[in-house]
Structure formats: structure tokens, C-alpha cells
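Residue numbers (our numbering), protein chains in the order written: chain A, 50 to 660; chain B, 43 to 440.
By construction, these hints were calculated from the structure, which means they are not laboratory data. Each statement offered as a hint is correct.
Pairwise CB distance ranges (calculated):
#, chain 1, residue 1, chain 2, residue 2, range
1, B, 312, A, 256, 26 to 34 Å
2, A, 202, B, 166, 26 to 34 Å
3, B, 214, A, 161, 36 to 44 Å
4, A, 202, B, 214, 25 to 33 Å
Partner residues are not named here, just some residues of chain A that face chain B (Cβ under 7 Å, in silico):
#, residue
5, 137
6, 174
7, 175
Since we're looking at a predicted model, the values are computed, not measured. In this text, a Cβ means the ideal position worked out from N, Cα and C, and glycines have one as well.
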Amino acid sequence: MTFRSKLFVNFMLALLVSVGLVAGGVAVVTRRAFDELNRQHSDALVAQFQREFGRRGQEVLHRVQGIADGESTVRMAIDLSRPNADVSVYVNDGRGVAQSHQLDFLDFVANDGSIISSAEWPARFGYKMDWVTQKEDWATRGSFLMKLDTQDGPALALMAVAAVRVGDKNLFVVGGERMGKEFLASLVLPSEMRALLYLNLDPTFQPGNLIDAAGPANEAERFAPLIERERQQPGEETAKITWTIDAASAEIFHAIPLAGRQNELLGVLLIGNSQHTVVTLERHILWLAFGVAAIGVFLGLLVSWWGAARVTRPVQKLAAGAREVAEGNWNARVAVRGGDEIGQLAASFNQMTQELVEQRERLIQAERVAAWREVARRLAHELKNPLFPLQTTVENLQRAKEQNPGQFEEVFRESTGILLTEIENLKAIVGRFSDFAKMPQPEFGPVNVNDIVRSGVKLFEAQFSAVGRPPITPELHLEENLPIIQADAALLHRAIENLILNAMDAMPAGGVLMLRTTHDGGNVHLEVSDTGTGLTPEETERVFTPYYTTKQHGTGLGLAIVQAVIADHGGRISVESESGVGTAFHIDLPAKPAHRAEAPAMEREEEQKEA
Amino acid sequence: MKLRLCLLLAAISAVLAGTATSGPARRPRYGGTLRVEIGATVNSLDPSAGAATPQEAEAKEQLDALLYGRGQGGADAANGGTAGNGPFRVASWEAGKRAVFAANEDYREGRPFVDSIEIEMGRTAHERALDLELNKTDFAEIPAEQARQAADRGMRLSTSRPNELLALVFLKARGAADDARVREAIARCIDRAAIVNFILQKEGEPAGGLLPQWSSGTAFLFATATDASGAKEMPQQIAGSPKLVLGYDSADTLEQSVAERIVVNAKEAGIALMSRAIPAPGTPPVHGTEVLTPRTVHVDAQLVRLRMPSPVARVSLTAFVRTLGPLAGIADSPLPQSASPEDVYYSERSIMNSGLVVPLVWLPQVYGLSARVRDWTPPVAGESWPLADVWLEPEDTR
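Same shape as in the complex, but just chain B:
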């Protein structure tokens, strides 16, 4: 009965969240160039061409949406084609560096407000934040952990709902991690609140389950508190005090900070855990060292980011299971039979009970905007940037 009441409350909160509206509308105007900076480097706009890194794949999806329409992708727009179904078309293209998209006058949903979009690629988070402050760019993604500082400096930010899960995944068939007690000890010792408050600077939420509260409505049923005393007792029951390695993406500073914090938590609980960077594919080796690849670096567990493909809990959970399945060996976990909160919850609980996936925090998407950007609405989970709906305030009217 209590569970049903909780699920009802969760459904109501999810509906209310979905109907929330943005700020006051103003009369839009046409014209101007929207300057966009992204961290990834996209080497090809060909939809059939693969991406070298997840970051590139993600950025490419955003650019594809601008060229081919939301959720579409047309093979006919490859190689800088001028015609397409999206709101923009390619005006100029420098692979991996810069792109200019011009407004598509024939866009079926109407011409975008801006005349063009200039996209600078390969800009670091620091450069993006600096350019926003210096008004050299109009739109850029800001890492969640830097949002608070950016806001303190007066930067205009737009934050989405938490829709990206940072989780610890025990890799299958890696020896020490096969012991459920070891996995449980590590899961108990993790101080999620400290990660959110200190590392994420309160931008995010502790994660106890695989779905956020606003999506499933049942996240509060999964514990997020630290059980330090319980964690300290468990290693004493484990013979041999196994030494585990926790891997993280070498290019991801947030993952590194979280991994190091987990190592400290584990050390205080008496668990031998060390962190190790996993180089991104294509990372040149440091001189004098062996070439490290994700396959050659031995890790027992790994931090992974999972972005929700949809606000629908069932869809996201199914996608997560498919993503994590090969890594953690949970491919056989039961998927929700229907979209009902009960089915989703039971499926999620089943996965959590395996102890192979330890959700850590939910991260929002934070966007930095210049003062002249108008009518920006942060996209919901699974949607691309709605830049076609954005218009720019003229310089003299601000």
C-alpha cells in the first residue's frame, strides 16, 4: 500500500514537471549569427560515418539534428550538401575545427530566427566559460561541477533536469569484483552527498537507482546514504583483502574527482581500491610509456555516464540495461514489461540487487548563454538543442 502511494505521488510529480513552462515570452526577431562552442571535434557530417569518441558521437547528433531535423538524419545531406530537412544547411565546413550553418529558408517548420550558426569545435570547458564571460560566444555547454562558480561570476546559465547518471559498474569476470561482499562494501562506503555537495557543488542529486525521481517517481525508494560502519565491517569478513582498480575516463575531470573520492571512501573503510585513468581511444601515449587502451588497462570497476535517451522511465531503463549489459553482465536482467511504474521499479530493483551497478549521482545539463540569446529552453532528455527556436537580441537594444 505504501509503495502504491509512493508511485502515485511520483507520477503526479512527473506530470507536473513535464508541463512546466519557460520564462515570459517576448516578440522574436529574425537575423543574427548565433555563436556556439562545443568541446568535441566532429570530423565528418556524414550520418553514415562513425564517431571516434562518445563525445564526438553526442556532438554529431546535435549537429545532425540541426541539419536534418529533430530525430531525423538524411544520408542525402552528406558532404556539405546544401539541401536538407533540418532547419539549417551547411554554409562552410572545416572538419574538426569550425562550421557555419545557414538558416534553411525552406524548413518545413518555418525559417529559424537566426540567419546562421557559427560552431567552434574542440573548445575546452575553461575556454568555453571564458568566452561566455567575454561575450565571445552565445551558447556553450558548461560542466555541471563548474556551474556554481560560473553562476557566482554572473554567468547566465540554463540547467536541465538531472538526466545523466554517473554510475560505478563492476565489470564482469574480473576476479575480485565477482565477490558480492566486496561490491556491497564499496557501494556502502560511497558518500554520495559529499560528491554532490563538494565535487558537483550541489549541481545534481545523489542517485540510489537507475532512474531519476522526476522520471520514475520511485528513486526515493533506493537508499543513497552512506553506511560507513557497515562498510568497515565487511572487508574484515573477506579473506585476502583484494585490491581493486577503479577506472575512469582520462578526459573526464569529473569522473577523476569522483573516482578519487571513492578511493578515499574505500580506504577509510579498509578496502584497497585505487583509481586509474582509462585513455580515450586515439589518445597518444606519453613518451616512454606503453600504449594504453581501454582494452589493455586492467580495471575491476569503471565509472560510466549514462544519458537518458527519453524522459520515459521504461525507455531509459531499457537503454541503460542494453548499454551496461555487456560491461557488467546484466544483459539478462528482466526488462520492464510495461511502462507502469511498478514494472519499471521491479526491473530496476532487480538490477540494483545484483550489486553490479552502483548509481552515484544524477547530473543535469548546464548551458551557458550570452545575454542576447532569447527563448532558449533546455531540452528534455533525449532531445537535441532547440537552436532553431532561439532568437538574438540586437546589440543596441540590450
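Isolated chain A, as found in the complex:
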């Protein structure tokens, strides 16, 4: 992963964490705000219901009181106060009066508690309604909730009682309004809210007793836990019911216990607040937040990419400069911008490359001087041997001319022969140097390295086991599936010959010559090793230097030629050696030489021209 990528990833992580924290914070704050809003909404509705409930109670009370104050009721009371009054004439009055006063329940009850007329259950006339005659001040009691027996079963009603007193007898007017779906339908509720009423008329929870404005509530069983809690411990409580997997289907129900005269739980009013709008709004806000966050992340991505690029561009240039230097371009320079750490680093880099170039120049100069000295030494050494006989022969000729002219002819013939021989030697020496200087440019073609190795070894088979010389055992470990590479077969053959000759020279006492070929993909690896005397570390470092030799009669050009051939093929050669154990040369040849492989040859030609 590049430095820019790492920097970009770090920027993005920081950005995502920041955006995530902000989004999470917004979500939490939003949810809390909506929860608070819901709570306030529910509280307002509960207060509204309680006001409405109180108003209804007052209304019922006023209606009942209105009936009690009516002329017909007073007349009934007067009539009933008489001894042996006939109550049967009033048996049907209840229903009509209840209808005219819009009451669901109405009973006229005599002083002894017997029902004179009942609107909701006309057939109950004559039976007792004892609770009415209990000592209670109905004038101050107000309205109250009550469980009533009706023809259709028990019912919950908001009741009020008014008494008409004539003499020492009372006529009670008991009226009320059914707490049922009509009552719920009459409640004015905001949209997305609804009211349900559980009629606590049975010992256990009965789904059928839960009603809404339309009748029996759907899925009433879902309310069972809330109702049961209310039944166990009455008190205002809130519960959330989610009808489907969609959170927007949820409703928050606020339970309000409804108690009767004896504080017994008669019903539970459930104010439901749909969460659809809240959840939708919350989702909208969250989606908006996500959208903004996504845009922020996208912009952050672009900015991070641009920032990372801006920050890493000088570093990249430094890296590119360093790569160029590593590849040999010591003249690489990096533009210095600004005085920050990167600018100082670029300046230091430029200074370093400048120093390196200067040091290289100095080193090249020194090496060139050393090479010329070595050439001069070798040339002097090579030329000194033939020059001394030439000088001796010429002096013999001079001495024979002066001291023994008669034998001069004979001496002259012998001396000219020697002179010609030595001059030939001189020409040979000059020729070898000339050959090295004139290394030909390789001509590439398909080459099987194994064939080159086999032909090279075959060339020296006779010398490996020559009479009077300790035998050398060649060992070939050639990989059969070696790929064909593009190479100059003649130059490669010459290089291998030189390596074999070098190994034979290193094994004067005989030994093992091992040649191994392997491949790595399309590249071919060749190893030539011997069990000879080996090289010292200093010799190992200089072994490829032209004209450097450890042998008495060597020219020091053999391994230099090998290195030149390998370099011309775009390959690499290295040596490892241990004194007294042996030496191994490792050659890596590419399947196809790079174009720049020709550069060394061109450089060498230039060097030759310079030379």
C-alpha cells in the first residue's frame, strides 16, 4: 500500500468516525426530542380526556337533575308519596324520559329502593336497587362510574343520582351514559390518536371487553399484559405496541384506570398515539442526516484524496528521485518547494545526490587511473619479455659485427629469426588486447543454454583426462524443460569456455567441475562451480576487473569478457568463493534481453573510442 493510500485511508477513517459520531448524536438527540414530544402529547391528551370525562359527568348530572326537577317527575314523586300509590302507571315512563334527555340509562327508584321504571331494562320493575337508598348525599356526590346489569349483560356507565323528596319519602332518579363505543366516538381526538376502553367487568381479562369507537377492538390480546398490570396495580402507565415489523406501525398507549364509587377498578381507558408520523419524520431526518453524511463523506473522500496527493507529491518525487539514483541516474534532482520538513528533505536529497555524483566522478577518475596503471603494468610486463630478447639479439648482432665479422652472417640469420619470433610475440600480445577492445555486438536468436553447456564441456573432454594431468570430473545437472531464450550462441559459448578454462586453472590438482542449469519462469540460471583453490575476498571483489589476474601467465581478460557477454544479454553474474573449498559463478539470463541491455556495449564502444 502506498503512502498516499495509507494517508487517504487514515483521512477517511477519521472522517467516517467523525461523521458516525455526529450522525449517532443527531439520532439520539432526535429520538429523545420525539420521545419528549410524545410524552407531552400524551400528557395533554390525558388531561384533555380527564377534562372531557369531568365535563361528561357534569352533563349527566345536569340531565339527571333536570329530570328530577321536571314537572312530571315531581308529580310522580307526589303521587308515590300517597298511601297505596299505584306505581304501575309509571312503569313505561323511564324509556321515554331517557330518550328525551339522551340518557342510556334511567331508573326511577322508589323510597324503598324498588325500581318503578327502568329505561335500559324495563322488565326489572319492582326489583330493588338498594345501593341508591344507602346513606349518601347524592346532591354533592356528583357523577361516578358504575357497573350496571343490563339485559345484554354487565355494562359500564357514567352515572348520577338525584333525589326528589316529598314529605318523608324520596323518589330517586338514577341516570347515566353508557361508557361504550359511542362514548369513545364522541371524544374529540387529534388525528393519529385513538381511544380504547377496557370494561373490567369480568374476573379475568376478556378480549371482547376491549372496545374502540367502532366496536370490539382488533387484536385485543396484545393489550392483555398492560390490562393485567392495571388490574393488579391500577395507575397511569404507558406501553408501546408494534403491530407489524414496521416500526411506523407502533402505537404508544397511555392507560388511565377508571375507578368506581368504592374505588374499584371498573375500566381502563387507553389513549393510543400512533407513531407513524413521528417515525416517518424521524426517518426523514435520519435519511437527511445520512444523505448529508454521505455527501460529506464523498466530499471528504475527494478532499482527502486531494490532500493526500498534495502531501505525498513531494514524497513521491523524492521516492522517484531515489529510484532513479538506485537505477544509476545519479544526476536525479527533486524540486524544492517550501521550507517544511519535506522541502528540507528534498534539499538534503539533492545535496546527497550531488555529493554522490562528485564522489563517483572522483572514484571513476581514480579507477581510470588505476586501470591505466594496470594496463601499463601489464603492457610493460607483456612487452618486457619479448623486448629483452630483442635487445640481446640486437646487441649480439652489434657485437658480432664488431668482434667477429666472419661469423656475422650466421649470427645475423639466427638473430633475425629470433627478432621475427619476438616481434610476432609482440604482435600477438597487441592482438589480444585489441580483441578485448573490439568485443562484437551480440546477435540474438533462440538458444538452448543446455546445448551451449554440453558443447562447451565436450570441447574440453580431452583435457579433463589428459595424460600427466590430475583428472577433472565434469558433472552436469541440466534441467530438461529449460526454456529457450533469446541470446547470441557464439558469445555465450565463449563465456562458458572462459568459465571452464578458469575452473580448470583453479584445479591444478584435479577435482570436480559442476555445471547446473535451472529456470525461474522465463529466466535461466546457470551455475559453474569447481572444487579448486578458491579466492580470497579481495580477489573475489576484483575478479571481473579487466587485466586483473592471479595467474602467472594470465591476461586478466577472461572473466572480464564473461561479464561483458552476460551484461550484453541483460543478465547478471556473481561469484562466491571460499579459499581452499572452491568457487561458484552464478549467471542469470533473461528470456528476452531488455533493450537497455545494448547500452553496456554502446557504452563500452564509447569507452573504447575514448581510450
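Once you've looked at the hints, dock chain B against the given chain A.
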């Protein structure tokens, strides 16, 4: 001995009741149209055509009597025929709505006093009472339970002797009702006095037997008092506390009120009883509900009205047994061998002992009359309206 003395007293009271005379006679006059309103709708005057409901059958009998004579019915008068044996003949006919009968000049017992009778059919009890008060009609039947209120409003009423029995009949082979203890518990808990005093507004009599006192003279031997404590004890002896259904005619408000009262009585006695309306044949179903018919509604007991076909106790008892027999399974009950009060009583007692029939109240027939109607006499049991004997006071002479 005590029983014989009671039966003698009953016979004397019955004879005295039969010889009772109506109000002072005035000189009759001919002419005028008597306006009559009835609740039922008669769809055909053909004597051979059946009636869809008991109400129609009853009304048709009355119209037949006007056209064909009392207790007669002539097939030759069908389809609005102009000739007949009755005091009237058909002048115009709109099936189920209106009919005009003209006086039959050739009536063998003499021409009716009125020239014609206009009959409006399908009028509710409320409409009939209102029309009487507004003088839009001259003659209409008034439900007994509304008679008191009508009288209080100043309406002119004529009441017959109680001749219609309202009874609770346990239907045969209906499970819970087969238990005699259940039947007895229900019979004991019924407060007949409350039904008479409150529901019937004192128009009627509590019924302990199948015949009224004025007919049999032995009705007082059958108890009508409530035994609430005894009724409360009996359900505790019955395992399983059966739930019973008491049916009533959906078109009969009196039956409904009585049924609901019996349900309250039973509830106070600890008996699970509920009332249920039995739709009259041909009643259209309420939208979204199943079609209910008397056969599809399951009831264990049922309220029935039994109108006496004759003032003679034996005849009425025999008719009641034949009517109730298929319902309550008392068809095999012994019928009175003779018209003697003893035979009738023993037969009646035998039926009552079965506990399958619980007499509740005796109802009279109440007729509303306009001020111009003269010489109206309420018919005795089994007789039709004597409208041929009625004459109308001229408007200017009233």
C-alpha cells in the same frame, strides 16, 4: 265437598255473566259508513286461500263473517263476488290495503244499519289509537296493555271478558326443558301479578289454569302466586345449571315484555334463561344476518296466545289441547269426557300437572270506538264482530 261447592259457585257466576246485558238501547238509524282499522293485512278474501300469519287468519275470519254470515263461509263469494249470505258484500277490494263492504240489502237477518264499512288494513296499534283519538276511524282493536293509557286519554273503549290466554309452553324434546324440576322452577318464579299490574296495566287476570274463571269456575283452584324462595332452591338441586331460551313472537310487543320479565324473574331465582325473538313467517332478514325462521331459531320454551274458540269450557280446553299438543307433547292428555265442571277440571289439572304448559295471564279484547258508534256489544269468545248490529250517530246529533 269443598271442591263441589266451589264448582257450584263457578257455574252460577258463569250463568250470571252470560246473561249480562249491554247499555241502554236507543232507536237505531240507517246509513253512514263505518270506518274500521285492523292491524293485519288480508291478501285474499277467498275462503279457500290460506293465511300467512295467525293475525291474518284471525282478521280474515272476521271479514269472512261480515261477508258470509256468522260462523259461515261460502266459497261462492270468492274473488269479490257481489252476492253472499253475510250482511255485507264486497264493494271494492285492494288486497292487503283497503276494502269497502256495502250493506247487503238481502241479508236474511235484515239489512245492516250502516250503508258500508271501510276497512283499512296494516295499521299499527299506535296508528289505530291515534286515528281513534283524531276521529279518523270508528272502530279498531286496541292492545290490552295500552287500554289503560288510552282510557286515561279519554278514548272510548269496550272490553270483553278475558278470553285469550298467554301461556309459556315448554317445547317437547328440547333437552334442558325435559327436566321437570327446571320447568317447575321457572313456573314458580314467574310473578304473574307484576305482569298484569305493570305490563298489562291491570287489563287482564293472572292465569293459573287453562280456562278463565268465568268459563270454568275452577280457575281459582290453580295457584297464581309467586314462589320466589321455592324457585331459588330448585336450581341448586339441578346439576349443570342449564341455560334455556324463551322464544316470543317478534311482532308481538306484549310477548316481548312478558318474556323479558320472565327472564328477570328467572335470573333473580338463579335460573339461566334468555329471551329470543322468533320471526314471523315471511319476515325479511336483517341485512348481514342469517335468515331466521321459527324452525331455525332454537328455543326451549315459547310464549303462545290461545284465544278461546267458545265460552264453553270443554270446547275451549279441547281446542287448547289440540293446539298445544304438537308443541308441548300433551296431545295424549285426557280430554274432558263431558261438559261437567268436574271432568273439565280433572282434565285441566292433568295437563297442568305435566308442567309443560305454564298459564300466565288472561287477556281481554279491547276495542276502541268513536263517539258516533252505537249499539256495539263486545263479542263473546268465539264470535265475530257484530258490526251489522252497529249504527252510527249522525254528526250533527252528537
